[in-house]
Amino acid sequence: MPAYDNVRIARKITRPTALDYINHIFEDFVELHGDRGFRDDKAVVGGIASLNGVPVTVLGIQKGKTMEENIERNFGQPHPEGYRKALRLMYQAEKFHRPIINFINTSGAYPGLGAEERGQGEAIARNLMVMASLKVPTISIIIGEGGSGGALALAVTDRVWMLENSVYAVLSPEGFASILWKDAKRAEEAADLMKITASDLLDMGIIEKIIKEVDGGCQNDFGFTANLLKAKLEAELEILMAKDTDTLLKERYDRFRSFGIFKE
Amino acid sequence: MKLFDNIKDNLDKISVDTLKERAEAIKNAIPKPSPAKNKNENKKDKKEDIPADSVKCPSCNKIIEKKALGKLKICPECGRLFRMNAKDRIKAIADKDSFKEMDINMEADNPLDFPDYSAKIKGLQEKTGLKDAVKTGICTIGGYECAIGVMDSGFMMGSMGSVVGEKLTRIFEYGTEHKIPVVIFTCSGGARMQEGIVSLMQMAKVSAAAAKHSEAGQLYVTVLTDPTTGGVTASFAMLGDIILAEPKTLVGFAGRRVIEQTIKQKLPDEFQTSEFLLEHGFVDAIVEREKLPDVLATILKLHNCKKEVED
Ligand SMILES: [Zn+2]
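Protein chains in written order, with this note's numbering: chain L, 1 to 264; chain Y, 1 to 311.
FYI, nobody ran anything at the bench for these hints, they're computed from the structure. For every residue, glycine included, the Cβ atom is placed at its ideal position computed from N, Cα and C. A couple of the hints might just be wrong.
To be verified - Interface residues of chain L toward chain Y, partial, derived using beta-carbon atoms under 7 Å: (1) Met1; (2) Tyr4; (3) Asn52; (4) Gly64; (5) Pro111; (6) Ile124; (7) Lys135; (8) Gly149; (9) Leu152; (10) Ile179; (11) Leu180; (12) Ile206; (13) Gly260.
Pulled out of the complex, with its shape left as it was, chain L reads as follows (with noise of 0.2 Å):
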């Protein structure tokens, strides 16, 4: 299947959102807003649940699925307050000793005038260099779209999931054509040659685990997915909570240190 495909079915607006997850795996989930300094930002969601009787932090990003609701959400381009947000909750989690889950679904950081003059830049790279060391289990699943820093501003996570059909780039394949070949309608071209799907993404050894799907994606059978998901969350959290603390922060730094590919 083209690559393209996958960019399709993660970006249906009926594709199953953070909080669809959230509320299904979860529960008793208590959102909490606000980055205290700006304003919450809707485009991020979080607060505190219990996976299975553990208490845990959640994130996400949050898409809308009707056009009134992705203009409430900012269609899930986070500005730098919604990272805030995060980085909040994440501080909080550290502090109650909370694993860390965070669901990722969107195109990119909101490019715009506010954004900037608020760091949109600063923001992402504040949760990078914050998640390499935060000392509790932190896994991030992309749900659907992981566009480029502003969905690894999440994922620098003890593991990194994809669901089947959901797509992870350093930009949109659009992007991608115009800017090398100065032409947005190569984008089917340029998803093959970018690797951003599930099973790339795996073989490149960028991310260990994929979720199934049903076919045609997991909006036709989001039980199916959801329940997968949250089987696996609960198992893998039990692994990575077993572990000290320094062999957690060491293997979560020998997991991104590794990545790169060049001669000397």
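Assemble chain Y with the ligand onto chain L, guided by the hints.
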């Protein structure tokens, strides 16, 4: 309001994909002039009336002899800062003969098997004398020892692929191990597209190494130079304990054109300059190019950094 609601109801029924496709179809249906061709013609014209040993200053439009820019590459007419390559920058910042380069032979591979990438790298290596877009090593500044990384916009716009990520990670690790500060001069168009997701991962890799260096109590200073954008801004450029910038430097995350297309308004000239970042609280100080060695030496001194003693 009624009218808007009607439109909205209809919008709910069609997917974003369809909307995007429609927008794309409309865009494609509009005939456009070929800007690429025009640009080339302009370039050619300009080249013809500027002698080979001169450049036209983009600020004052005067034709300046390259020699007249001096070691610091400053327009003698208006003071505009021209971009400096890594070699000239190191000469201007490090104490004489103190720079010892590391990882001299590291060069790009081709993680995506991207067509023509290897050939492009080879061509640029021959043209620039660089292996990739950053030089790293150790040096002293005003007698104070530090690990230093200097990016070079002359090599694929300073874009960050595996080589840039690995070399910078190594100087952070060196700094952590030897308890010395790290100084990085940034200039970059962002991620190296040809390396795809691997280039994105470099942002995390370098940031993780910077975190360890920081946890070890060591100082990290960034100097933002023109242009610092994209994935470099969204990682190590913004992570310095102290962030300095040269005057009138372009610093931002998203590209100006992308933002203008997204918000459908024209951005002010001062948008994404170092002065704009200073005003909004993202830069500690703007430092004139000629003062950078002294300012860096003072910062290192105030952090009790090791002073190399000449025998
Ligand atoms: Zn001038």
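To see whether the hints hold, each was checked on the structure:
1. Because the closest C-beta pair between Met1/L and chain Y is about 17 Å apart, greater than 7 Å, the hint is violated.
2. Look at Tyr4/L: its Cβ only gets to about 11 Å from chain Y, farther than 7 Å, so that hint breaks.
3. Hint status for Asn52/L relative to chain Y: violated, with the closest Cβ pair at about 29 Å, above 7 Å.
4. A distance limit of 7 Å between C-beta atoms decides the matter here; for Gly64/L the minimum to chain Y is near 9 Å, and the interface restraint is violated.
5. The beta carbon of Pro111/L is positioned within 7 Å of a beta carbon in chain Y (closest approach about 3 Å), and the interface hint is therefore held.
6. Look at Ile124/L: its Cβ gets to within about 4 Å of chain Y, closer than 7 Å, so that hint holds up.
7. Hint status for Lys135/L: violated, given a least beta-carbon distance of 11 Å to chain Y, over 7 Å.
8. Hint on Gly149/L holds. Least Cβ distance to chain Y is approximately 4 Å, under the 7 Å limit.
9. Taken as an interface hint, Leu152/L checks out: its beta carbon lies about 6 Å from the nearest beta carbon of chain Y, inside 7 Å.
10. For Ile179/L, the interface hint holds, the least distance from its beta-carbon to any beta-carbon of chain Y being 6 Å, beneath 7 Å.
11. Evaluation of the Leu180/L hint against chain Y yields a held restraint, the C-beta minimum of about 6 Å falling below 7 Å.
12. For Ile206/L, the shortest C-beta to C-beta distance to chain Y is roughly 6 Å, which falls under 7 Å, so the interface hint holds.
13. Hint on Gly260/L holds. Least Cβ distance to chain Y is approximately 4 Å, under the 7 Å limit.
In summary, the structure is inconsistent with hints 1, 2, 3, 4, 7 from the numbered list given earlier, while agreeing with the others.
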